[in-house]
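Participant: Could you put together the complete structure from these sequences and hints?
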Amino acid sequence: MLLIPCPWCGPRDEAEFHYGGQAHVPYPEDPASLSDEEWARYLFFRDNPKGPFAERWSHAAGCRRWFNAVRDTSTNEVLAVYRSGEERPATPEPRPVFSARPGVPPLGEFEDEAVQAEGGPGGAAPSGVEGAEPLQDGTGRGGGGAAPISGSAAGQPFRHATRGRIDRDTPLTFTFDGTEYRGFRGDTLASALLANGVIHTGTSIKLGRPRGIFSAGVEEPNAVIQIEEPFPEPMLPATTVELYDGLVATSLPGQGRLATSPDPARYDAVHAHCDLLIVGAGPAGLAAAAAAARSGARVILADDQPEPGGSLLGTAEHLDWVQDVTRQLDAAPEVRVLPRTTVFGYYDDNHLLAVERRTNHLGAAASENVSRERVWRIRARRVVLATGAHERSLAFADNDRPGVMLASSARTHVNRHGVLPGRHAVVFTTNDSAYAAALDLASAGLAITAIVDTRPEPGEWADRARAAGIEVLPGHAVTGTEGGDDRLTAVTVAPYGESAGQRQFAADLLLVSGGWNPVAHLFSQSGGKLRYDETLGSFVPDTCRQQVEVAGSASGVMDPATVLAQGAAAGARAVEAEGYTPETPRLPAVPAQPRPTPPMHVYVVPGDTDAPRFVDLQRDVTVDDLARATGAGLRSVEHTKRYTTAGTANDQGKTSGVLASGVVAELLGVDISALGTTTFRPPYTPVSFAALAGRDRGALSDPVRTTAIHEWHVAHGALFENVGQWKRPWYYPQDGEDMEAAVLRECRATRESVGFMDASTLGKIDVQGPDAGVFLDRLYTNMMSTLKVGMIRYGVMCRPDGMVFDDGTVIRVAQDRFLVTTTTGNAATVLDWMEEWLQTEWPELKVHCTSVTEQWATVALVGPKSREVLGSLAPRLAVANDDFPFMAWRETTVAGIAARVCRISFSGELAYEINVSPWQALALWEAVYEAGAPYGITPYGTETMHVLRAEKGYPIIGQDTDGTVTPQDLGMSWVVSKKKPDFIGKRSHARADTTRPDRKHLVGLLPEDPGTFLPEGTHLVADGVLPSPPVPMLGHVTSSYRSAALGRTFALALIKGGRDRIGERLYAPVGDQLVPVTVAGPVLYDPEGARRDG
Amino acid sequence: MAETALTVPLRSPLSQVTDRLATATRTSGGAIRLAELPFLAQLNVRLDAKGAAAEAVGLALDLQLPLQPNTAVRAGELTALWLGPDEWLLVGPPGSERDLEDRIREAAGDEHVSVTDVSAQRTTLLVTGPRAHDLLAHGCPLDLHPRAFGSGRCAQTTLGRTQVVLVARDEPRAGFWVLVRSSFAGYLADWLLDAATEYV
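One line per chain: the protein sequences are A and B, in this order. When the count follows our numbering, it moves up by one through the first sequence with no breaks and lands on 1118 for the last residue. When the count follows our numbering, it moves up by one through the second sequence with no breaks and lands on 217 for the last residue.
Calculated from the structure, these hints are not laboratory results. Hints are supplied without guarantee of correctness; some may be wrong.
[What the hints assert, rightly or not] Anything over 12 Å on all C-beta distances counts as not near chain A; from chain B, calculated:
{"hint": "1", "residue": "R28"}
{"hint": "2", "residue": "G47"}
{"hint": "3", "residue": "G75"}
{"hint": "4", "residue": "D116"}
{"hint": "5", "residue": "L143"}
{"hint": "6", "residue": "H155"}
{"hint": "7", "residue": "D187"}
{"hint": "8", "residue": "S199"}
[Said to hold, decoys possible] In silico SDA-like links for lysine to any residue, alpha-carbon gap of 20 Å or less:
{"hint": "9", "chain 1": "A", "residue 1": "K870", "chain 2": "B", "residue 2": "D65"}
{"hint": "10", "chain 1": "A", "residue 1": "K74", "chain 2": "A", "residue 2": "D96"}
{"hint": "11", "chain 1": "A", "residue 1": "K870", "chain 2": "B", "residue 2": "P55"}
{"hint": "12", "chain 1": "A", "residue 1": "K870", "chain 2": "B", "residue 2": "D36"}
[Said to hold, decoys possible] Computed far set for chain B versus chain A, every beta-carbon distance over 12 Å:
{"hint": "13", "residue": "L38"}
{"hint": "14", "residue": "R50"}
{"hint": "15", "residue": "T145"}
Using N, Cα and C, we set each Cβ at its ideal position, and we do this for glycine too.
Facilitator: Right under this line is the structure:
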């Protein structure tokens, strides 16, 4: 959501504004002197540049002022705003592009020295080695020494006896694919399945291959499941579903299934504003929050997990520091921590959307009062993205079996959930990070059979693994896997790039690490540019125009101490820039790490194989599929993505995107840096439509506008028609009447005696000022300034193109004051139109326009007996025709209520419109009903109103017109002034196009069979036999009714040269029939107007 | 209308919702208070802020029309809300609209001043209580933090799916006035009651 700075009100959401097209296109001084071509140029031609463009905007939902803005059409940046009438300022420079990673060393520089955090003791032994000091500086619940697998945890054979952050006192029962299992609070569905020895969670979408839990987070491509109970929800990664009691889920081969019953849960939204939004509560995000927490700045920290810690929860390091910072944040009054909250979209002007899962994890125990999910609409002065990194997979043969898992994810399952994903693992890596995972897993009791490293010299980490008794195979790669449906059984290994020298290891787990991809999704959505980082072999955030910094592994930095320091610095910089004083937070001491060895960039594991090497597991896209794409000539990852569907599944290629780029680069023989990635678009993770709809559904999906008399209509059985947002009584059926019968009855009663309707919805605008008459003369096609006080005139407004735009009556209230009425649906548009001309073209006119639509309620009293009814209610009003003539208005008292009564008619009958305060309108309505009772007064709705007006040939703007119809086309030349030098639309009425004889005219149509009803929209053709297509169309039916007064059906239609065809027979194709119709004049009832005066 | 008001009682746009607003207020245990303030006098005043009329009108009303955008000035029973550079909404006690209009017109003399009675155009909702901010934040895109929208601030903006005039009352605890077009008032009351679900 763009912020547009109103010159008066300051920055507001773009939704408050209306666009007004190119600025500085003044209305010609003398339109009459222009040629058709020059006039057309003014009407229809506008610049369309790329780059800075001066345009007009109206702060429509705010101060209603028109102003000008210079907007860069390629970036949407609003470069300048200035008031209407002011000169366009020199175009300012766009916002500068700046580095989003000020704390990060330059391109490609490898950090071969571990950076020490402040105050760190350093030198402690790494974690994960049996008997060594634990890495963490405190006693988090995870980590710790080796522990046996617990065989007794409620029949969960893979549950670790001590590790994990699960609540072992709260056992939960759940069902997956029909089998009941047990888990604990704190499990995900995935971890609980793993604890029960279940890793196979479904089959793949295209090939039907067995697939297993691959990760421990949102990047999961395989374990996508359907929740069946308590409420059906499709396509959720099991790694993100928090376990609750009574959860029933099934595996999903492909598409999910939406619920067939309405979702009973509530959903809502909140607008939030902050100085600093931090996305991600891992080490970098927490350090940033700690630096900002006590500065007084308004800080929001959003994280998708139930508790802060991020990757530290998975490694079980520094958990007491996490707890400390969390406490600090909870105590800071201006800091809001949002757990279970995924920031999924990053839009203009630091507007970010997040979804908070508030009660999903409670299952059936969720409170009905609390929204299940909440969308946060966050406007942040500054943003720190600490979104971490996703581990990358590798493309090797049969790399998709259940039991193949990302290395760090296995570690997360152990330390967060107390679950060992297998018993015997082979680790396959291209980089150091898998060693820490392997050592930690070994210390947890998982047998690490071998570490297969593609690097010929894996360095100190390998030494450490060997010291822990783990075999390391440098310069090797996994070339194949074996296994059944349930799980992997063996891993084949060979020297890198060779087929000879194969070894096979029995294993039920293959842990893979192909390197790390910074989670740059949000940064990229913000408009940030990525660049290739040689060290990582992936793409990292580079520059951006928005106020955003990226910290931690999201910026490509993997060293823990640097991550922490960078986060703290980013948080401090952000609040400092907003005028607050940050503090230097305590950061945990990070022990010295083994000297790092640069990763090797491997995407496709070389070697001949017939087995598929999967790139995108969720879409079943293999290296061969991508080869077919490049073989077909595709050279861009955007194209290979569309050709193969790689990266288009609901995981959006989180584990496969960069891998696919790497594979395509290899296939094309180019460098991956030249190829780039596909575009990141919101949402980062799928968001349910229910969450996006929030409370804008059902009765609240769109505002309902009602009049002061609405309850009466409801109580008297009215059916309602939506007109704009108004609910208008449509008709009032009685005793089982259908619409046709009800409308015929209402029409008959009104024409023969008296009817009344609620006309309060008509738009009303008060126009005041000494130039009010001049102003209205320019807006309306006819003359308004000559109207006498006390009188009323009907008027038509056109757009500059000469087409009818609105119509209504104008009342002259005083010499310098008019009351203008508009059609119901057009009131706001007409007022905006008036303001636009006043503010941008005619600021010299002394006139003000104010909406008074709801200031008045209007009761239309219609029919030959209306004078009697009015007379009985308004004893002081002289109602005789001579005293109160047609198109006059009077102020009086009706039923004891101060009223302005207008003698106008939209039916051809004697009629009055009684205007009163809406505070007394119901009393008036009831009084009219009572006073009319002796005459059988009948309430009628919009349908009867439409019939009565159509019988008289009165058009409804927007029904009988469509923006291509002039007053002359409507047969209303009488309403177009010949005397006025100019009015809006006048010049267009002289264009060649508007004077064509074959323009469509509004005419009446009488079907030859008086019972035949023509549906609105029916076309009209000349002949009784349809020629072969294309059939020349003469026009179409705009209104069609059954008339009680005429005793037959009739219609209005726009027909080419229609007025010259009166009396002609035309044909209307209705279904298979060609219905013969006769063209008639538009006024079918009382053409001489005898009924108007009663 | 003064004479007829005695015989024909006035009905406000939210008269049908009064009980539901009161129930929500009661069950929220003080967290929020919702009520309609019906029939307030409201006048739309248009004049040149730099012209002679501005001062004359200010003197006549004993209240300076605010010139700072999106601010409100209160004096006695009158509140003037900035709606635009030449537009204000003057809010006074019920029934005072005639008198106020007369005073403004008299003070303006021959100056170009427009005064329009819009008392029934909008009704006023009182939204107060410790959770008032939170309640409005469900549907209002403006920053309502006291730092950004403290006492003396007003704004025309959107709430839910309708336009409103929002006024921060004098003391932070006094909450907000929400002025809404009468035809939208039922929708907005339903919306507020729904948004208040978690607080009641």
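Participant: Now look at each hint and say whether the structure bears it out.
Facilitator: Structure-based check of each hint:
Against the 12 Å criterion, R28(B) falls within the reach of chain A, whose nearest CB is about 6 Å from its own CB. Every beta carbon of chain A lies more than 12 Å from that of G47(B), the smallest distance being close to 17 Å; the non-interface claim holds. Under the 12 Å C-beta cut-off, the non-interface status given to G75(B) relative to chain A holds; the minimum distance is some 19 Å. Non-interface status of D116(B) relative to chain A is upheld: no Cβ of that chain comes within 12 Å, the nearest being about 16 Å off.
Listed as a non-interface residue, L143(B) keeps its Cβ farther than 12 Å from every Cβ of chain A; the least gap is roughly 19 Å. Not every CB of chain A is more than 12 Å from the CB of H155(B) (nearest about 6 Å), against its label as outside the interface. A cut-off of 12 Å between C-beta atoms confirms that D187(B) is not in contact with chain A; the least separation is 22 Å. The beta carbon of S199(B) sits about 4 Å from the closest Cβ of chain A, which is not more than 12 Å, so the claim that it is off the interface is violated.
Distance restraint check for K870(A) and D65(B): the Cα-Cα separation of roughly 10 Å lies within the 20 Å cut-off, and the hinted pair is therefore satisfied. At most 20 Å may separate the alpha-carbon atoms for a hinted pair to count; K74(A) and D96(A) meet this at roughly 7 Å. For the suggested pair K870(A) and P55(B), the alpha carbons sit about 33 Å apart, so the restraint of at most 20 Å is broken. Straight-line distance between C-alpha atoms of K870(A) and D36(B) comes to about 46 Å, which puts the hinted pair past the 20 Å bound.
Separation of L38(B) from chain A is adequate, the least Cβ-Cβ distance of about 17 Å exceeding the 12 Å criterion. The beta carbon of R50(B) is kept farther than 12 Å from every beta carbon of chain A, the shortest such distance being approximately 19 Å. Its beta-carbon lying about 19 Å from the closest one in chain A, T145(B) satisfies the requirement of being farther than 12 Å from that chain.
In this structure, the hints that do not hold are numbers 1, 6, 8, 11, 12, in rising order.
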